Amino acid sequence: MPESLAVRRSTIPSSLTRVHEVLDAFAARDYDGELLTAVRHFPAREARWADFPAWVHPDLAAAYAAKGIRRLYTHQAEAAETVHAGKSVVIVTPTASGKTLCYNLPVLNATLENSDSRALYLFPTKALAQDQLAELHDLNQRLDNRFGVFTYDGDTPADARRSIREKGHIILTNPDMLHTGILPHHTRWTRLFENLRYIVLDELHTYRGVFGSHLCNVLRRLRRIARFYGRDPQFICCSATIANPGDLASRLLESDVEVLNSNGAPAAEKTFVFYNPPVVNRALGIRRSYINESSRVAQEFLKRDLQTMVFSNSRLQTEILLTYLQQANPQLPGKPETIRGYRGGYLPNERREIERGLRDGKIRGVVSTSALELGIDVGSLDTVVMAGYPGTIAATWQRAGRAGRRSGSSCAVLVASSSPLDQFIVRHPDYFFGNTPERAFIQPDNLEILINHLKCAAFELPISPNDKFGDTNLPDLCARLAEAGYLHLAGDNYHWTQEAYPADTISLRSVTSDNFVIVDITGAPTVIGEVDFPSALVFLHEKAIYIHGGQQHHVEHLDFKERRAYVKRVDVDYYTDAVRYTQVRPLEIAATKHCAGDQRVEHSYSHGDVLVRSQVVGFKKIKFFTNENIGDGKLELPENEMHTTSYWITLERPLLESLPFTVSERQSGMFGLLHALESFATLLLMCDSRDLGTAIGERPPPPDSNSSAIGAQHAAPHLGTIENFTPTRMQDAISSSPREFFEPNLYLFDAYPGGIGFSEPLFRTHALLVQKTRELIAACPCEQGCPSCVGPAGDLAPRAKEAALAILDRLCA
Amino acid sequence: MPAADKFSRLAALKPSKPMPARPAAIRTPGEEDTLGRLLGAGVASNHFGEHLAIRNWFSTPEFAEPSPTTLELLSRTRDESLSHKTRAALEDPEKWLFLDTETTGLAGGTGTYAFLIGLAWWDAGGLQVEQFFMRDFAEEHSLLQELSRRVAERPVLVTFNGKSFDWPLLENRFTMTRSIAVPKLAAHLDLLHPARALWKLRLGSVRLVELERHILDAPRLGWHRENDVSSALIPQFYFDYLRGGPAEPLAGVVRHNQMDLRGLAALFGKINEMLSESSGAANGVESLDLFGLSRFLQRRGEDDRAHSTCSLALAIGLPAEFRPKAHRELAQMAKRRGEHAHAAQMFLEIVADPHDGIHACEQLAIYYERHAKDPVKAVQFSELAIATLRRQRATSRDPFTAARSARLEQKFLQRLARLEKKTQPSSPARPQRARAAAAPKASSALW
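Protein chains in written order, with the working numbering: chain A, 1 to 813; chain B, 1001 to 1447.
These aren't lab readings, by the way, just hints derived from the structure by calculation. Since this is a predicted model, take the numbers as computed values, not measurements. Keep in mind that the hints are not guaranteed to be accurate.
Derived SDA-like pairs (lysine to any residue); straight-line CA-CA distance at most 25 angstroms [unchecked claim]:
| # | chain 1 | residue 1 | chain 2 | residue 2 |
| --- | --- | --- | --- | --- |
| 1 | B | 1006 | A | 591 |
| 2 | B | 1006 | A | 166 |
| 3 | B | 1017 | A | 591 |
| 4 | B | 1014 | A | 483 |
| 5 | B | 1163 | A | 591 |
| 6 | A | 468 | B | 1423 |
| 7 | B | 1017 | A | 166 |
| 8 | B | 1017 | A | 482 |
| 9 | B | 1014 | A | 480 |
| 10 | B | 1184 | A | 475 |
| 11 | B | 1184 | A | 194 |
| 12 | B | 1014 | A | 475 |
| 13 | B | 1006 | A | 471 |
| 14 | B | 1014 | A | 471 |
| 15 | B | 1014 | A | 492 |
| 16 | B | 1163 | A | 159 |
| 17 | A | 167 | B | 1183 |
| 18 | B | 1184 | A | 166 |
| 19 | B | 1006 | A | 515 |
| 20 | B | 1017 | A | 484 |
| 21 | B | 1373 | B | 1423 |
| 22 | B | 1017 | A | 475 |
| 23 | B | 1163 | A | 482 |
Please put together the full structure from these sequences, using the hints given.
Structure representation (structure tokens):
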């Protein structure tokens, strides 16, 4: 690594010397080439220009010219032309490529040509809408305030709403407000709907999984209401770079969408560095704390007066990093703080102040959660340090894009944690820097989600025989809803027959509305949080230690009826780890592929509907730092049953027989393999590890036998700060099936009732999944397994890693 | 997975309340007649279809000629004067339409329906009531069409809470038809607001039923809400009926709506009586109602009448808890008119009041300092206020009250310092110091 660095150095301009000093310092510490696993240099790229299209209203062109924009980047011009031609588009661009103009130009042009024309902008967060509002206000002023631009969200004062509904040419809102505030009251929005021409969906890639599946249904409702008012609006979408933007867009919009992915924007010179904290215990695979290392890296930059943004993956880590960096850069008397934090809990004014401070350079460093990842304008920074892999390649590039947004040279450093995903990424830089394999999936026809939105749709407008709502048998569903008392058939149409307002009880962001409220009863009872039902069983069972905001709480009582958990603040030296049994039973196999080794079938993989039964049966108390098991308890909690979809691999007897391992080594190998498989699957699916459940079960004997599979799933406690903690794997589950030949199914199931669309893609990408999982384990330098590959060594039989690799070799063959 | 199994497990399909085990009913034409008989209704039709219509004439309440003053007070909006057309419509009782709806819920939004629309107008000295009932959602268009016609004939709407509930809901319904325009109103008098102003003080709640019982003296009118249905149950009665359940409760809903309409008309009569100037002597009117009236008049800018009404209320005798408030309002009205001496007299009445006393002291201190030029008296009232505040602060456990008292006290101390300069120009320091020792924190601001 160091010598390649030296080669590049000659081509690096002098403005980068300070950045380079830092990299040199790292390289000097990098004795065995393990510290900096990648240093990639991206040369500056020239802009490719195009003229404003001839049809652009002269006033609008003048307004842009006054802002200094006299020409367009090629992709902006292309987007404008495609929209002008009446097509729906998705524009795929990196951060800071002027994507806002791609939609503002055609929308404003249409408004100037016809002042009745209306547009609706949807942003995933309120903050983004605020940011865009500022940009649009600026343009509007240059156009003598000819049009009305307003945000409409939970913060909009009640007395302003009426005039916004009448006067807003462009309404900036979010999917949640559209769902609860606009669609159920569409008769108040006739001006908007009767003239609705454009719908803008920014940050399209964030609409995936559960949120995306909900959004797709909200859009079905939106288009239905637009049709009622005689409109068929055109969609303009923007997405970060993912592998399937066109698929995602056409799935969300349920229509053809043109994909534009050539980028004509200039790019500043940039160096991208992968930093892997040094190993301190090779046998256990323990590395130095990535939080400390991140703050160290950031401090090296700050020390040289390079404006730096540090991203962390949780609020707690933000606070810790902020503390470290503020200590290292004390506030000068009478001067404002130069290092600031930025996250969701901060007040809007404070955030605006920080954004300004960053733009004018008064703030030298900022520590942020993902809040600053999306397109909020804070100007360009010199360097970006990411404490931990953000979870997706798209998000990593978005964060990295914060450095050197417009010009100059910059540097982005990714500091890896010891999680398998982080370790895979930093050890396989080509995977990251090559074409992104990340795909975003949704499952809008998940019945639980779809029916809830169907209720909302019926509330908004009676369901007529001509209506379509996803790929469903609508008359049948309506009849069922009528039977349950929600709808009533009158003439040909189904009408809403409940006093309640359906949208109120349906949240677009969470799995179910069935949540437990956490009440702190140390002093006067205060509600400190909320968790969904399945998590409550795992984290809030009686005697559990629940960690919230860095504070330990002892769960005194879990009230099932009232859905409340009563906790008291404590300070103990252990945490609890729930022991959960998970059984998976395949109900209907959608597809299976058999793979033969030497003549015999060795393994197969499938996907289909499954029944998942899980139950928390006990818990362990585990001491901090030493991870000793210092006690356990039994619990009697209700069994949780869920129908969902799953992908699974079946290992057949011939394969297992041929492996030179003992039964227990084989079994440990399978658990290790599943651990790694899950890590990689979350990467492919752009999802959170909570979205996928895992279980190992015996393959059910051929057809229709009721025998089920036993598996065990491990619940990690909320531990923001404790790194490298070693969760104890459950041997119990394995030993409960003491059969000589355990022909297992390795399940990866969607942790959402009805499934959220992960299983079929996993089935399709099976080959890639096992191959990459193999690479992940093979590249891990630990000896017998570590949290970064097959799981902590202490929990598994020796040779588990070897066994996992041996099985993977056969799967890849 | 088996289809039945799949659906039975969906949380989204779970009934929100237990469903009665009743076969899905298809009503026969004969049954429809039963409903008509039950409700006393006939089938009405227009080019949108059919619905049921129920017509009744009632001798009570009797027609009440709206006085010009009432109209002026009820229709006056903040700063625009009424157009000629609006005024002409308002002044013609033939153009009035009382309206009250029964709906499938209170949530609003596009999925809430008005299944029963009750209308009423003055006719032959009494009240003509007409109700439209939709036997099913499919009849909504013809129902709304009928409403649209009635509103065109009588474009002055009189409602109870109709400005924020009934009418916006009906506007939604009209918009949803995409074929029947929202009818234009010449004026909309919502009696909830004046009723609240006039009777909230006395009754606490101004639900129409309460007003009927206590204000309109329903028993005396011979009105009885026998077996009146509770409003909260009405949507469910309708849903049950739609799904083949009993129609009998709907007869109760129709009656309930009739009573509400009659109550509404009678309420107008009562408000008319109260607001008309001629009845100013207000024989037999409760003093609290007079006080409410005076506040209402004050808000509408009728200061003179407000003043005399308030004085009258005091003269008749207000309950002890309202007396200081009445004095305070009288004082404020006097002050606005520039009658400072009179205002001072009123404030003097309430200097000992725990709630308004401090304010009164302040006003009196100002009065004696600026208008009566009697700084000694001004000092006395300031000192009285300070003493009261200190007592309050000593006894109060609420930190907000204590902080407020401290703030007020400081204000008075500043005033006192200024006043004492006026009264004792030669020896300023001594008494102030003594006071400063008593309240060091507050007085530090003085030096």
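Does the structure keep residue 1014 of chain B and residue 471 of chain A at a Cα separation of 25 angstroms or less?
-> holds, 22 angstroms
Residue 1163 of chain B and residue 159 of chain A: Cα distance at most 25 angstroms?
-> Satisfied, since the Cα-Cα distance of roughly 15 angstroms is no more than 25 angstroms.
Pairwise hint evaluation, residue 483 of chain A against residue 1014 of chain B, where the allowed Cα distance is 25 angstroms at most | holds, 10 angstroms
Given the hint that residue 1017 of chain B pairs with residue 484 of chain A, does the C-alpha gap stay at or below 25 angstroms?
-> It holds: about 9 angstroms lies between the C-alpha atoms, which stays within 25 angstroms.
Satisfaction of hint between residue 1423 of chain B and residue 468 of chain A, Cα-Cα up to 25 angstroms | At roughly 87 angstroms apart (the allowed maximum being 25 angstroms), residue 1423 of chain B and residue 468 of chain A break the hint.
Can the restraint linking residue 1184 of chain B and residue 166 of chain A be considered satisfied, given a maximum Cα separation of 25 angstroms?
-> Holds. Residue 1184 of chain B to residue 166 of chain A sits at ~18 angstroms (cutoff 25 angstroms).
Residue 1006 of chain B and residue 166 of chain A: Cα distance at most 25 angstroms?
-> Between residue 1006 of chain B and residue 166 of chain A the Cα gap is close to 45 angstroms, so the pair fails against 25 angstroms, i.e. violated.
Take the C-alpha atoms of residue 1017 of chain B and residue 482 of chain A, compute the straight-line distance between them, and say whether it is at most 25 angstroms.
-> holds, 13 angstroms
Going straight from one Cα to the other, do residue 1017 of chain B and residue 166 of chain A come out at no more than 25 angstroms?
-> violated, 39 angstroms
Residue 1184 of chain B and residue 475 of chain A: Cα distance at most 25 angstroms?
-> violated, 38 angstroms
Could you grab the alpha-carbon distance between residue 1163 of chain B and residue 591 of chain A and see if it respects the 25 angstroms cut-off?
-> violated, 60 angstroms
Taken at face value, is the distance from the CA of residue 1183 of chain B to the CA of residue 167 of chain A at most 25 angstroms?
-> holds, 23 angstroms
The structure fails hints 2, 3, 5, 6, 7, 10 and 23 (numbered hints given earlier, in ascending order).
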